[in-house]
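Engineer: Sequence:
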Amino acid sequence: MPERLKSGILTSLVPIPPRLYDRRTSRHIQPETGMMTENREQSPSYKRVLLKVSGEALMGDGPSGVDPVMVDMVAADIADVVASGVEVCLVVGGGNIFRGLAAAAKGMDRAQGDYAGMLATVINALMLQNALERRGMETRVMTAIQMAAIAEPYIRRRAVRHMEKGRVVIFAAGTGNPFFTTDTAAALRANEMECDALFKGTQVDGVYSADPRRNPDAERYDQLTYLEVLARDLNVMDAAAISLARENRLPIVVFNMHAPGSFGAVMRGEGLFTKIIEAD
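At position 74 of the sequence shown the residue is numbered 74 (the UniProt record's numbering), and the sequence of numbers has no breaks.
Quick caveat, the hints were computed from the structure, so don't treat them as lab data. It is possible that part of the hints are untrue.
[To be verified] Restraint-style ranges between C-beta atoms, simulated for each label pair:
#1 K106 <-> N177: 15 to 23 Å
#2 A148 <-> A105: 27 to 35 Å
#3 K106 <-> Q203: 17 to 25 Å
#4 S45 <-> E152: 28 to 36 Å
#5 S45 <-> D233: 29 to 37 Å
#6 K165 <-> R220: 37 to 45 Å
#7 P216 <-> D238: 19 to 27 Å
#8 I150 <-> A279: 40 to 48 Å
#9 E219 <-> G166: 23 to 31 Å
#10 P153 <-> P68: 34 to 42 Å
#11 L119 <-> P68: 42 to 50 Å
Note that the Cβ used here is the ideal one computed from N, Cα and C, for glycine as well.
Make the full structure from the sequences, and use the hints.
Structural biologist: Right under this line is the structure:
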């Protein structure tokens, strides 16, 4: 029987082995010749993406904590994108619950503070997992620090297999190391999963020259290069995350997660967002 993609598009009679597919170029490799053939007509613009959900995005309009309505809205957006045939994995932040850097500024040991922040990301991951599974999605939470009673340990090849089976993989506990942000974890996991792009959902609709909530005159950018972000010291992701994306030519798309359906819209190139790419 012909194999069907999740989008409902008919593929060839002979299934193409996963290792003969280049996700970064959306091309199939012919086993006989080793040559790549375009498959863009049969594929969405993105085959596999990583969504970085900041802890602040889960707060809703509150000052801290988790807003269940916001979590459910994010889950609905993710479910719609997965239904379109795109493989999705997530990295969640924990700033809505605890920030290690802020605690260190008040005298807490920085490493201990960062470990506490990693635990906060696990709380958010479990909340998102529950919301997704209530919508009928298959999920796996994988943590960089072993917590066998509640999640799987992060193993790259196992994570890839989960995604190939249509499961939403939620990466928690950052990189498992102090002094690294969850943005860096997002860039790392996106590269490890060979994602086509990293989407960062925040509280604002892109990258600005300053915080638009505090400075109404802040300039909004539609597109930037990695070097421009670093040179202008724009507060969108830390330098390690931007550098890791730049080294591997991983596009970054920054958008506002507070608008219902925003993730799917940005995936289609609609709405407001900022794209960070390599210079031409």
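Engineer: Now tell me, hint by hint, if it's right for this structure.
Structural biologist: Tested hints:
Between K106 and N177 the C-beta distance comes to about 22 Å, which sits within the given range of 15 to 23 Å. Look at A148 against A105: about 33 Å separates their beta carbons, and that is inside 27 to 35 Å. Here the CB-CB span from K106 to Q203 is close to 24 Å, well matched to the stated 17 to 25 Å. The hinted range of 28 to 36 Å is satisfied by S45 and E152, whose Cβ atoms lie roughly 30 Å apart.
Judged by the Cβ atoms, the range 29 to 37 Å given for S45 and D233 holds: they are separated by roughly 31 Å. For the pair K165 and R220, the supplied restraint of 37 to 45 Å holds, since their beta-carbon distance comes to about 39 Å. Restraint check, P216 to D238: a C-beta distance of roughly 26 Å satisfies the suggested window 19 to 27 Å. Range check, I150 to A279: Cβ separation about 43 Å, and the 40 to 48 Å hint holds.
Between E219 and G166 the beta carbons are some 41 Å apart, a value that contradicts the proposed interval 23 to 31 Å. Between P153 and P68, the C-beta spacing of about 28 Å breaks the proposed range 34 to 42 Å. A beta carbon spacing of about 20 Å between L119 and P68 contradicts the range 42 to 50 Å that was offered as a hint.
Hint compliance for this structure: hints 9, 10 and 11 are not met, and every other hint is.
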